[in-house]
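K.L.:
Residue strings, one per chain:
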Amino acid sequence: GDSVTQMEGPVTLSEEAFLTINCTYTATGYPSLFWYVQYPGEGLQLLLKATKADDKGSNKGFEATYRKETTSFHLEKGSVQVSDSAVYFCALRDDSWGKLQFGAGTQVVVTP
Amino acid sequence: NAGVTQTPKFQVLKTGQSMTLQCAQDMNHEYMSWYRQDPGMGLRLIHYSVGAGITDQGEVPNGYNVSRSTTEDFPLRLLSAAPSQTSVYFCASSYRAEGNTIYFGEGSWLTVV
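From first to last, the protein sequence lines are chains B and F.
Sequential numbering from 1 applies to the first sequence in my numbering.
Sequential numbering from 1001 applies to the second sequence in my numbering.
Each hint should be verified, as a subset may be incorrect.
Stated by the list, open to error - Which residues of chain B face chain F? A partial, calculated answer using Cβ under 7 Å:
no.: 1; residue: L44
no.: 2; residue: G98
no.: 3; residue: L100
no.: 4; residue: A104
To be verified - Covered stretches of chain F (chain B as the covering partner; in silico rule of three or more C-beta atoms under 8 Å from a C-beta of chain B):
no.: 5; segment: 1042-1055
no.: 6; segment: 1069-1077
These are computed hints drawn from the structure, not numbers from a lab.
Since the model is a prediction, treat every value here as computed from it, not as a measurement.
Idealized CB from N, CA, C, for every residue including glycine.
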């Protein structure tokens, strides 16, 4: 079945550091890929998405490129802020019915 | 624009009690689903619905019931609460077509003692 693997956290960074969160997937078809973010005590918000190979999703300074050849969708941000402290989830959607397969989540802590 | 609305936000139950988590969306989405979030396990699908009158089981359906009598509402029922059901529950909805964004409610924190 489909699965998503993302790097374990917590990831602790200083403000203005470069952030990378690795995400790889297995799927039988050609899934759409998503990054969701969960700030402390809140629900999930869509951060960015990509629906086909080589697409790049971007939002709020974050970027991720859909790499079919390496089955990856790594999240990057060039200069993190304290307000980026959150849990980040990689997910895939492999059918028209809208079921999402999530990774375990990666907690990111940014210190001043 | 309410989006996906869940109630209650916090609930404490005693073992064996039953309760219903409510979920409503105002976007006319065909697809609705319930997930639970547990530490280190991401979100796991409990039940989902592809339209009014149609429901199906997800990855972890045991101990939960759902129904979809209208497009807007998708309640999740805990039949006899157990401590293992202590979790954060999220309702989600989307249009049917692949690639469409799935929108989440703000979550319901449930503790079973």
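K.L.:
Among the hints numbered above, which are violated by the structure, and what are their numbers in rising order?
P.N.:
Of the numbered hints, just 6 does not hold.
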